[in-house]
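Novice: What follows is each chain in one-letter form.
Protein chains: 6
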Amino acid sequence: MRILIVNPNTTAAMTEKIGRAARAAAAVGTEIIAVNPPDGPVSIEGYYDEAFSVPGLLAEIAKGDISGVSAHIIACFDDTGLEAARCISPVPVIGIGEAAFHLASMLGHRFSVVTTLSRSIAAIENNLLKYGLAGRCAKVRACEVPVLSLDDPASDAAARIGAEIELAKQEDRAEAIVLGCAGMADLAARLSQRHGLPVLDGVASAVKLAEAFGALGLKTSKIGAYAPPRPKPYLGSVASFSPR
Amino acid sequence: MRILIVNPNTTAAMTEKIGRAARAAAAVGTEIIAVNPPDGPVSIEGYYDEAFSVPGLLAEIAKGDISGVSAHIIACFDDTGLEAARCISPVPVIGIGEAAFHLASMLGHRFSVVTTLSRSIAAIENNLLKYGLAGRCAKVRACEVPVLSLDDPASDAAARIGAEIELAKQEDRAEAIVLGCAGMADLAARLSQRHGLPVLDGVASAVKLAEAFGALGLKTSKIGAYAPPRPKPYLGSVASFSPR
Amino acid sequence: MRILIVNPNTTAAMTEKIGRAARAAAAVGTEIIAVNPPDGPVSIEGYYDEAFSVPGLLAEIAKGDISGVSAHIIACFDDTGLEAARCISPVPVIGIGEAAFHLASMLGHRFSVVTTLSRSIAAIENNLLKYGLAGRCAKVRACEVPVLSLDDPASDAAARIGAEIELAKQEDRAEAIVLGCAGMADLAARLSQRHGLPVLDGVASAVKLAEAFGALGLKTSKIGAYAPPRPKPYLGSVASFSPR
Amino acid sequence: MRILIVNPNTTAAMTEKIGRAARAAAAVGTEIIAVNPPDGPVSIEGYYDEAFSVPGLLAEIAKGDISGVSAHIIACFDDTGLEAARCISPVPVIGIGEAAFHLASMLGHRFSVVTTLSRSIAAIENNLLKYGLAGRCAKVRACEVPVLSLDDPASDAAARIGAEIELAKQEDRAEAIVLGCAGMADLAARLSQRHGLPVLDGVASAVKLAEAFGALGLKTSKIGAYAPPRPKPYLGSVASFSPR
Amino acid sequence: MRILIVNPNTTAAMTEKIGRAARAAAAVGTEIIAVNPPDGPVSIEGYYDEAFSVPGLLAEIAKGDISGVSAHIIACFDDTGLEAARCISPVPVIGIGEAAFHLASMLGHRFSVVTTLSRSIAAIENNLLKYGLAGRCAKVRACEVPVLSLDDPASDAAARIGAEIELAKQEDRAEAIVLGCAGMADLAARLSQRHGLPVLDGVASAVKLAEAFGALGLKTSKIGAYAPPRPKPYLGSVASFSPR
Amino acid sequence: MRILIVNPNTTAAMTEKIGRAARAAAAVGTEIIAVNPPDGPVSIEGYYDEAFSVPGLLAEIAKGDISGVSAHIIACFDDTGLEAARCISPVPVIGIGEAAFHLASMLGHRFSVVTTLSRSIAAIENNLLKYGLAGRCAKVRACEVPVLSLDDPASDAAARIGAEIELAKQEDRAEAIVLGCAGMADLAARLSQRHGLPVLDGVASAVKLAEAFGALGLKTSKIGAYAPPRPKPYLGSVASFSPR
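As given, the protein sequences belong to chains A, B, C, D, E and F, one line each in that order.
Residue numbering for the first sequence follows my numbering, starting at 1 and increasing by one per position.
Residue numbering for the second sequence follows my numbering, starting at 1 and increasing by one per position.
Residue numbering for the third sequence follows my numbering, starting at 1 and increasing by one per position.
Residue numbering for the fourth sequence follows my numbering, starting at 1 and increasing by one per position.
Residue numbering for the fifth sequence follows my numbering, starting at 1 and increasing by one per position.
Residue numbering for the sixth sequence follows my numbering, starting at 1 and increasing by one per position.
It is worth saying that the hints were derived from the structure and are not from the lab.
Hints may contain errors.
Identical chains blur together in the list; that is why a pair holds if it fits in one copy or across any two.
[Claimed, not checked] Restricting the straight-line Cα-Cα distance to at most 27 Å, the calculated cross-link-like pairs of lysine-lysine (BS3-like) are:
(1) Lys169 / Lys63
(2) Lys232 / Lys222
(3) Lys139 / Lys63
(4) Lys169 / Lys222
(5) Lys139 / Lys169
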């Protein structure tokens, strides 16, 4: 099966990293297509950046559908544009945030999230509430490293994330950790080893869920919230997105 | 004070209707500026339409800020783009959905919502959960009249909405009704009269809240979820939205 | 329009302070009538004081209705007697607690409350639960200054409240602050300035909401919880309150 | 031990009925003192009646404490004045509503409540939320018989209550029933027999809980919400209630 | 009346201690029969031990029913096997955990639990959620003393529990304490005295509730969750438990 | 990888059916070992049957661990013994109920469950609460066909389940359906086709999740709720289960 994984920001290096993480998680026979839109913010840190990444993201989803992929993954931890993507696509769409939350719920009594910047905490908390899993999350924490600095050795990202994990174990009684950014995908195994509890990366989690839905032939329900958009004119610069 | 009310869809007739409703609610001395973006869907019915209305909406918010308005209102009942708008604007931003929910909570034990199409119910329910007011809402109902047919006499919109109001009184034990679409703004008073309970329109509700925040000098908090976007490049067609 | 604001305790100096705060918030053309009952506790600090303030409060509400006011405000942060007042009055009744909670919900992801004494925390928490907004409140804190000492320089009230606000920012991740006592009405602007986040006073908040309901012609629903009391004899000292 | 049961309305016939129900439930060695205040409404049906029953109720509680009772029961299903009574009394205070809710929670997965008038539903729902037991209650129903008509054969009260019980079994999947008025105390056994599920009366439930607390030497906590009222002047007609 | 109290672990010394605590709480005329199954773990610390105590526990419940007891108590704080026992017994079954939670809810705004080992916290939290009382519990704490060391002077159990109680007062704002292990039954009175707030033991709490249900003639509902098991073969070593 | 799927009842025909369903869902390279304990009830319908299936289930889990499987699945929709199994096994354990709930949450706004008998509804509702997903489930419904009659043509099981699915669509606004019994595993595809919405079977769902955890190297957290049982004697018939 072919899975499209869309990094909704425009930083190609991050798309590559996400693609590598996805391929490392994928089963034999799964083809991962990792893309990012040409238009949009170079990183997504808060609600405003989210807003401008969604049209480009949806364009990639639409292209993926034309090319016949079996499932889509949205590789931003805020699950940016998830519901809109479900409306237009005939195949399942999975957010890396929800993927990690659902899997973590089956590995421990409660999990904590470690994300990048504290400005992103509210959106994550709102998502947890929407998914029903707020009660399973002990706390959403921020390591205060910007998305594009995660790979910068000077950011000391791994150490800062590790410090939050230790606090989560001691103060939150967290039994599992969810890494709250697609850019942390390469850290999960090492942190799990070091801190002695499951550490989940959303990219890998979503790949396995996408494969699961594909194998089971399960698709997004089309009778309610995710019904196909009603045909109508879209004006101006977005006219080409008009649903027909 | 000057209040910008943005209809995030591109139907000018609806913008005019919203403007009239807003002016009818406004205090002496309040100037209402009703606009819609030139680009975007002609109506917002579900998550997909929402996504393509947000960039245009945010552009209008930004223009309003340059022109020095005291508050913004987002005149789509889904409160489309509300959080993103709060991040970029120095002045309060109010969604017509949240406005009506908050006011209705002070007029009865529970309210029901009557919106247009059932595909919009999920987004409204998710908003109620996010705002904390899900427990105050007895039920979100749909009259199954599309947004742009509300004014079409053939749609029998008032009668269908009235039928749902009666069901809400009998089956939901609702004590107040929130009309779930900006395009219903002109119906509130008449329906309230006919059905014998408060019927709230979000446009008028939001105008009074915008005036309230303005008069009290209260502004959106900038220390967390709604901190100004971090400066960063936006690529391609959205480059001009890049926060600086 | 004329708004009756009832301070349900019997301390005239506090009624005057509340009246001043209300007038400062009121629109041109709004007349504020600030009263307190002649009978009752000199301050309201906990459930027992509340109980003995309600009959006097309701008598003032009834008098206000006879004099034809357009809305009532109950100026005790516990929203003492709110539901009972709604049953007898034909016009809207707003509690200063709920007013501040609802407005604060539109300015930040979460707010914290700073009230006077810790014995009042439970009643506030119960109100938040009842209103649906418990999830929007990060924490209810007490500065441990009694109501009638708020104006006593020796109480160092502003400093103690300020200390709690800083804790709320750091420990609760609060993005807005609600001042939890009518006697703190004069501190909001200064504290907001000093601590760099919105600080809401319930008195001013309620005035704007009362004006809003008045302007919109919205009144308390009379078909359920707030139906007029059934006519019946009241015996003894409360006979004159008997509903007819 | 001696238990004071206060009917907070002023209808002596109802107090007698409550006293009989309490004595029927009491253990050998338990003395039941059933009283009602001389001042107040003849029945409590909604928030307004509640407000005027509380001062008289608290006076009876205070007298009971002087006479040395071991526990108090408030025999109004709304648990009127419960928290205030807990503040002034050194011994436990139990509401008949909470008593029945807690016991019913141990007899079935979910219970429904059948109360008198629909105007009382909101207060009961708010109490369930406050106690934490809203999720254990399937539905609060009203038989639409006024409190003082429960004993009037013309009211057909038992039949109407029975009809609601059948609906609760079929529509709510209720496994137990809580009778929502002190005036229904004599019906529980018969209805339980007829409908084949536990039917709980709050008066009897509260008597056993009062005996339990007395026997165990457990008293209301005095370190927070129910701390003794702070000494302060009460003015005018309520001066004698001033805490010292 | 006769009450069977089953200690579901196999440590006879603990059964005796539980029996003593139960008898100390019982009314004159109540006969306490304290037993433990011959088969099962010597203590219950976590989900796995629970699983192996249930069959033995249910056998004791069944024997108690044959001997005609009026109620059963399950004396493990996790309320192990509670629902299954309710299915087979015609008389009420009370767990010591739920008993203490319900009573504590009537003595203070919020309670904290102090249990033995932190591995037991999750099961207690899940029970609180199931009973509806999670919102009434400020925190579940562990003193990290194993069940069978509670009586070992070297464990310093009372001091460790006391330290957690002080933290619960200061950090959780708990107004009452629930002791989270049947083996702590002898400590409640002394800790209550020392720390100045109600400290509840589940064994004594459950005895009074069992007496209450017995006196009121209230029995477990048999129309839903606790309907008698359907007759069917049980194979192998558990064949004798087969419902008929 | 090898996955052990344990049918916790003792009906070999059902184990075979479950095994077939699991193999149909499994990836190439996944070996499914489907077993049932020799001791226990022939079907699990309610809490009592659950209790007697757990020891046998845990014995199978332990044997599976000795044989080196990579994950376990518990093939009873009540997720019987799930937490206990997690304590003893070093590899992930997945319940078919939770598996289906989590996957369904990603395919529609809300799902309804259709189980066998109404006596099983309470346990399923309690699980949904425990997992956090109660808010995502519109309703738990029963088709009133016993487990072992599902394959009996006379039971008309498919028609009865189909009727509940239609009610779920119309009355609950469900967008997806979860089949609430392992014995329904063969019906999902056909019902999905016929009713036009995703219909999920827990067995297939759990197989894909087990494969996911295996591929990602994620294992149950061992630092809290699911820590290995403490070594201690188990007496009598269960002595062999004693943790060491």
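Novice: Next, verify each hint and record whether it holds.
Specialist: Consistency of the hints with the structure:
1. Taking the closest pair of Cα atoms, Lys169 and Lys63 never come within 27 Å of each other, the shortest separation being 43 Å inside a single copy and 32 Å across copies.
2. In this assembly of identical chains, the alpha carbons of Lys232 and Lys222 lie at most 27 Å apart only when taken from the same copy (18 Å versus 37 Å across copies).
3. Taking identical chains as interchangeable, the C-alpha atoms of Lys139 and Lys63 are never at most 27 Å apart, the minima being 37 Å within one chain and 37 Å between chains.
4. In this assembly of identical chains, the alpha carbons of Lys169 and Lys222 lie at most 27 Å apart only when taken from different copies (12 Å versus 41 Å within one copy).
5. In the homo-oligomer, the alpha carbons of Lys139 and Lys169 lie at most 27 Å apart both inside one protomer (11 Å) and across protomers (16 Å), since each shortest distance falls under that limit.
Comparing the model with each numbered hint stated earlier shows that hints 1, 3 do not hold.
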